[in-house]
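Colleague: The lines below spell out each chain.
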Amino acid sequence: MHDEEARVAAALRAAQRGDDAAFRVLYRDVQPRLLRYLRGLVGGNDADDVASETWLQASRDLERFRGDLDAFRGWVATIARHRALDHLRRQRRQPQIGGQVEELLDLPSGADTADAAMEAISTDTALAHISALPPDQAEAILLRVVIGLDAKRAGRVLDKRPGAVRTASHRGLNRLAARLAGPDVTKPKPPALKETR
Amino acid sequence: MTNHRPPIDPSTAERLIRDARADEPSADPLARLLAAAATPARPGELTDEDAAVAAFRHARLTRAPRRRSLMKTALAKLATAKVAVAVIALGGGGIALAAGSGHLPGTTGSNQHASASPEQTSSNGHRADPSAAASSRSSHPRPNQTSPEAVGPSNAKGSPSPNLHGLCTAYTAQLHNNPGKALDNPAFTALINAAGGKDRVAGYCATLLGPPNGQPAHGTPSPHPTHPTHPTHPTHPPTKQPR
Chain F
1 MHDEEARVAA ALRAAQRGDD AAFRVLYRDV QPRLLRYLRG LVGGNDADDV ASETWLQASR
61 DLERFRGDLD AFRGWVATIA RHRALDHLRR QRRQPQIGGQ VEELLDLPSG ADTADAAMEA
121 ISTDTALAHI SALPPDQAEA ILLRVVIGLD AKRAGRVLDK RPGAVRTASH RGLNRLAARL
181 AGPDVTKPKP PALKETR
Chain A
198 MTNHRPPIDP STAERLIRDA RADEPSADPL ARLLAAAATP ARPGELTDED AAVAAFRHAR
258 LTRAPRRRSL MKTALAKLAT AKVAVAVIAL GGGGIALAAG SGHLPGTTGS NQHASASPEQ
318 TSSNGHRADP SAAASSRSSH PRPNQTSPEA VGPSNAKGSP SPNLHGLCTA YTAQLHNNPG
378 KALDNPAFTA LINAAGGKDR VAGYCATLLG PPNGQPAHGT PSPHPTHPTH PTHPTHPPTK
438 QPR
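Here the protein sequences come in this chain order: F and A. Take the first sequence: its position 191, counted from the start at 1, is 191 in the numbering used here, and no numbers get skipped. With positions in the second sequence counted from 1, the corresponding number in the numbering used here is that position plus 197.
No wet-lab data here; the hints were simulated from the structure. Treat the hints with care, since some could be wrong.
Which stretches of chain F does chain A cover? Using the computed rule of at least three CB atoms under 8 Å from a CB of chain A, they are [to be verified]: (1) 22-29; (2) 47-56; (3) 140-147; (4) 167-176.
In this text, all values refer to a predicted model and were calculated from it rather than measured experimentally. All C-beta atoms in this analysis are idealised placements derived from N, C-alpha and C, irrespective of residue type, glycine included.
My request is simple: use the sequences and hints to build the entire structure.
Modeller: See below:
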């Protein structure tokens, strides 16, 4: 893990100097994180496009970026977030977070929960569970777990204090835990956005 | 909370998040869920890699190394396009640029030209908010001398690329002649490159030119390398922010 981090950190430096191969290493590390975060924000259909826009902008500004690998992930996440919000605004849509999980996949039924816990949880299922949380909780968890930011950097992306990010992720985890253990796993709560707006 | 279950305490929550990438299998369903969300790349997630690399390569080729030659090309075109004349009508930092074009002040100047100013640019609905440009660069101070801070009117003398100022002035004038198409003129390629994209030129120039009295804009960005909060458009309405 540490070796891999060091390898990607070195790739960041080399990519900033214009090295294509190093950029690939960087991309392979960051793109999956980015896509999963964007799926939460704009949905699976549009995440690819928004990710492409994000890389376009990041490539353009990469030379001038200053900071380490963690800072870079936060920087790219911020670009992605703004691109996603632009995208949603163009489409006059609300963030995807908090909704439509039931359309994306079959969640394990309550009866399967015990077995399911022993099986591998697919990345898609995990992301769907997280994305079904209230938006602030979902985004805090996605930034910290999926992008890999600490609370401070996630706070910068969200323009929130680290404490607020920790609280949101803490609440989100409690909700997730309850849902994993609960009898109503088959029916994710209605989209939070519809509750609040 | 949808059912009864001992709540996770804050320190456990922090540990769960920290361990999501730890590669240590857990029997706890929540830990497994978080680990699943954080797994390494899956094949379907890297299908756009070649396109991204191509974009990266393109960005690199159109960046700093060629900036100077692009500038020369742009300036030559600028002179023939007579945009420079508008610069003279405006006064300000474009004088030297216009003088090289061989046109006398006022030959094609019109009221429209004369009235062009960065302030009016922004009031016309073009994005000339200095904070837009500021935030777009806040995370990456430029080591070279092409940023507005470095080539602003107050210190254009001695700057290696003062022509950006002239280009901005010309762009502002063009904006009034050809709203929406101003940047289609190839003369502005260098400006677009320096600003980091067409959509940023207005903000870039607003910062570069500052208020019409020639002073640098207020709130000139002070880049924070370790604080990449808003590398992009800061213009989202709060109502669209996910919370």
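Colleague: Hint by hint, say whether it matches the structure.
Modeller: These are the hints, each one checked on the structure:
For a cut-off of 8 Å, the count of residues in the region 22-29 of chain F with a CB near a CB of chain A stands at 5, and the three-residue condition holds. As drawn, the region 47-56 of chain F meets chain A at 5 residues by the rule of a beta-carbon pair under 8 Å; at three or more, the given contact holds. Counting residues of the region 140-147 of chain F whose CB falls under 8 Å from any CB of chain A gives 5; the rule of at least 3 is met. Only residues whose C-beta sits within less than 8 Å of a C-beta in chain A count toward coverage, and the region 167-176 of chain F has 6 of them, enough to reach three; the restraint holds.
In summary, the structure agrees with every hint in the numbered list given earlier.
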